[in-house]
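Position chain B against the provided structure of chain A, taking the given hints into account.
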Amino acid sequence: MNRVVITGAGTINALGHTVAETWAAMKEGKCGIGPLEMKDVDRLTIKIGGQVQGFDACTTFNRQQLALYDRFTQFALIAAREAVAQSGLEFSGEMAAKSGVVLGTSGGGMQTLDENYRNVYEEGKNRVHPFVVPKLMNNAAASHISMEFNLKGPSFTVATACASSNHAMSQAFQMVRSGMAPVMVTGGSESMLCFGGVKAWEGLRVMSKDGCRPFSANRNGMVQGEGAGVFVFEEYEHAKARGAEILAEVSGFAMSSDASDIVMPSKQGAARAISGALRDAKLNPSDVGYINAHGTGTAANDKTECAAVADVFGRHADSLMISSTKSMHGHLIGGTGAVELLACIMALKEGVIAPTIGYEEPDPECALDVVPNEAREAKVDAVLSNAFAFGGLNAVLALRAI
Amino acid sequence: MSVKDKVIEIIAEQAVLETSDVTMESTLEDLGIDSLGLVESIFAIEEAFDISVPFNANEPTESDFDISSVASIIAGIEKLVAEQA
Numbered sequence: 001m002n003r004v005v006i007t008g009a010g011t012i013n014a015l016g017h018t019v020a021e022t023w024a025a026m027k028e029g030k031c032g033i034g035p036l037e038m039k040d041v042d043r044l045t046i047k048i049g050g051q052v053q054g055f056d057a058c059t060t061f062n063r064q065q066l067a068l069y070d071r072f073t074q075f076a077l078i079a080a081r082e083a084v085a086q087s088g089l090e091f092s093g094e095m096a097a098k099s100g101v102v103l104g105t106s107g108g109g110m111q112t113l114d115e116n117y118r119n120v121y122e123e124g125k126n127r128v129h130p131f132v133v134p135k136l137m138n139n140a141a142a143s144h145i146s147m148e149f150n151l152k153g154p155s156f157t158v159a160t161a162c163a164s165s166n167h168a169m170s171q172a173f174q175m176v177r178s179g180m181a182p183v184m185v186t187g188g189s190e191s192m193l194c195f196g197g198v199k200a201w202e203g204l205r206v207m208s209k210d211g212c213r214p215f216s217a218n219r220n221g222m223v224q225g226e227g228a229g230v231f232v233f234e235e236y237e238h239a240k241a242r243g244a245e246i247l248a249e250v251s252g253f254a255m256s257s258d259a260s261d262i263v264m265p266s267k268q269g270a271a272r273a274i275s276g277a278l279r280d281a282k283l284n285p286s287d288v289g290y291i292n293a294h295g296t297g298t299a300a301n302d303k304t305e306c307a308a309v310a311d312v313f314g315r316h317a318d319s320l321m322i323s324s325t326k327s328m329h330g331h332l333i334g335g336t337g338a339v340e341l342l343a344c345i346m347a348l349k350e351g352v353i354a355p356t357i358g359y360e361e362p363d364p365e366c367a368l369d370v371v372p373n374e375a376r377e378a379k380v381d382a383v384l385s386n387a388f389a390f391g392g393l394n395a396v397l398a399l400r401a402i
Numbered sequence: 001m002s003v004k005d006k007v008i009e010i011i012a013e014q015a016v017l018e019t020s021d022v023t024m025e026s027t028l029e030d031l032g033i034d035s036l037g038l039v040e041s042i043f044a045i046e047e048a049f050d051i052s053v054p055f056n057a058n059e060p061t062e063s064d065f066d067i068s069s070v071a072s073i074i075a076g077i078e079k080l081v082a083e084q085a
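Read top to bottom, the protein sequences are chains A and B.
Under the UniProt record's numbering, the first residue of the first sequence is numbered 1, with each subsequent residue one higher.
Under the UniProt record's numbering, the first residue of the second sequence is numbered 1, with each subsequent residue one higher.
A few of these clues could be false.
[Unchecked claim] Computed beta-carbon distance windows for the label pairs:
hint : chain 1 : residue 1 : chain 2 : residue 2 : range
1    : A       : I246      : B       : I51       : 53 to 61 Å
2    : A       : A241      : B       : T23       : 20 to 28 Å
3    : A       : K39       : B       : V16       : 27 to 35 Å
4    : B       : V16       : A       : N373      : 45 to 53 Å
[To be verified] Heads up, simulated BS3-like pairs for lysine-lysine below, C-alpha to C-alpha not over 25 Å straight-line:
hint : chain 1 : residue 1 : chain 2 : residue 2
5    : B       : K79       : A       : K125
6    : A       : K240      : A       : K152
7    : A       : K267      : A       : K282
8    : A       : K282      : A       : K152
9    : B       : K79       : B       : K4
10   : B       : K6        : A       : K125
Simulated from the structure, these hints should not be mistaken for lab results.
Cβ coordinates follow ideal geometry from the N, Cα and C atoms, glycine included.
Looking at chain A on its own, in the form it has when it is part of the complex (with noise of 0.2 Å):
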């Protein structure tokens, strides 16, 4: 089996337009969620998250291209170009016809379903513009991706909600690993901050009104956030032989489905699909430094998971470090795990663990090590990432420092 390893990053979220601007917030503890801005904000009981500032769609695409791209897709092409800029990889020939685009997302094109019922069931029109098929696709972003740097190898769209980014990048990295792709895009995008997608997540009362607080016995709930990011996942050979910067080694996977409710997490789900990643990666839990959770900072998920986490790690769960950089960024549903595989990448490139902010109060049950509020520098050689999905599906990444 092939090694794998990252040899490129990109991103845009409520904390940067670039990977540096995000390790950079990150490392301060800053925080990306705030008053939402949108159409008919005042009929919404929640009125914050973390959506993307100061990002101008008409200074970075064309008239045409702003025709078929919806947000989630422009967050998409946004982070690919990052990405596949610093890997320094061009694709023709073979390399094209084998290398390929994965990509999570949840809601796909959720702007442009948003604002064409409007249309139709608001405004009453007859007529909707000849693109909206193509652009609210879920599979839009990982076309455009595919059409924009010719990767014409294996390309679609993962639906896992929550964990779309996790199983769309355990995807690809069991294509590089068997030697099918010797590279692969991949990574995930959302943009479900608009008027519809909001009311709907109100529905199922477990969004906060004020703050995602994760593992803080006063936490209250999730909150939304948007954006995107992507990766390039490269053979280890192929990016050696060519001098390209190695930012980190994925080492193993697993995915595992509860089996049990819609809504509710399961500690052996979860569990298990944390220790198969351990067995993938052959690494032992001792030698795990950090955590980047799921930490979706409700009630049910944040128990459940520190439950997870100090069944399959045992005394060792007292002394590895685990934080939710969701209390940041917000909660991105299927692009969520992409930009939390940042944080994992930081921890082991820069030493630097993203804190947990907003942490007020202990919970006895989530007695860990959550590194509360502030980031601090550490030395951590293998991380895991995990993402546990309404419907029960979990999918667990290990990475290393190389």
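Showing chain B alone in chain A's frame:
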């Protein structure tokens, strides 16, 4: 603005050209407008005149609407607008 001027404006915008570059004899192909661009132009025309253009992208030559040149498109739109009145 006349129907002709408005249609030329929409086609020029789609082709990313000046209106002066769009002549009555031009074909959509001359102007670099592909099938997606055509569908988008028809949408813009329908919106501008509040009409419904009988055009099916699956069989453009079978439609009642002649798209062989800018002149034929304008003639078709003028007829539809007149019928509307």
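TODO: Mind listing which of the numbered hints don't hold for this structure, in increasing order?
DONE: 2, 8
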